[in-house]
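Colleague: These protein sequences, in sequence, are chains B and V. Oh and the first sequence: position 8 is 8 in the numbering used here, straight run, nothing missing. In the numbering used here, each residue carries its 1-based index in the second sequence increased by 1000.
Derived from the structure by calculation, the hints contain no laboratory data. Source: prediction; values computed, not measured. Be a bit skeptical, because a hint or two may be false.
Said to hold, decoys possible - Distance condition first, Cα-Cα at most 30 Å in a straight line; then the derived BS3-like pairs of lysine-lysine:
| # | chain 1 | residue 1 | chain 2 | residue 2 |
| --- | --- | --- | --- | --- |
| 1 | V | K1143 | B | K23 |
| 2 | V | K1142 | B | K26 |
| 3 | V | K1116 | V | K1014 |
| 4 | V | K1097 | V | K1116 |
| 5 | B | K49 | V | K1162 |
| 6 | V | K1142 | B | K23 |
| 7 | V | K1014 | V | K1146 |
| 8 | V | K1142 | B | K49 |
| 9 | V | K1162 | V | K1100 |
| 10 | V | K1097 | V | K1143 |
| 11 | V | K1162 | B | K45 |
| 12 | V | K1100 | B | K41 |
| 13 | V | K1032 | V | K1011 |
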Amino acid sequence: MRVISKEFRKTLEKSEIYNLFVKARKPDHAELDRAVEHFEKWIAKEHAKDRRLLMEASGK
Amino acid sequence: MIIEFSVVDTKDYKIEHLFDSPENQDLIANFKATNDADGLEDYLKYQGSRTYLIKDAISMELAAYFSLRTGLITIQVQENNFDSVPAIELSNFAINKCYKDSHPETHGLGFYVFKKFILPIVQRMSVYVGTNALYIFALPEKKLIKHYGNMGFYRLPVEQEKFVQSHVKPKYDEGCIFMYQPI
């Protein structure tokens, strides 16, 4: 099994790019959430229309 | 205790594996990627990753697809030293132009698929297997890069971006831009 040596651990700790990944913050999905919320409202209306058309087509 | 997990449908869309049913082969034959991305169409028809189809829950039209696979992000920690970050690659992600054409007011389906289907799978996987990031190779178009930025993907500093792209990126992704987000 692989084991990271103490020397390499020190190298990693000094590495800017390593720290970029290790300390990276999770992304802010606020804009994504807003877009999804908007889409959900739209698709709900679309599907309500589709259901109505299907009902009409089946004579119910 | 280990809890099994499954990928769930939403009330508006269904998710299936590509090989779940023979009729999916007919559906993908008619898949047309938006923005003339022929490569994404070819990949769907002749690929090897785990591919998911997203279908409209009412009409059962094929709305989008995406593929996931495991991967490593190689980073240069010193001139001759490198390390790797375990990650998941969103290897392909496309919206069906035929679906968009039949629903011309559709806006934000990509965000929806990402939030409701891709992120939950990736986040769940990271509970079971050591994966620290989700990454993509985005086509080098400003609009697309901004779009992925809105999904939470970051670009690396220039030098590191060059390094990652020269070590990880397959030939067919030439010109594409590496973007990642922690999970």
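Colleague: For this structure, which hints from the list above don't hold up?
Modeller: Result: hints 5, 8, 9 and 11 break, sorted rising.
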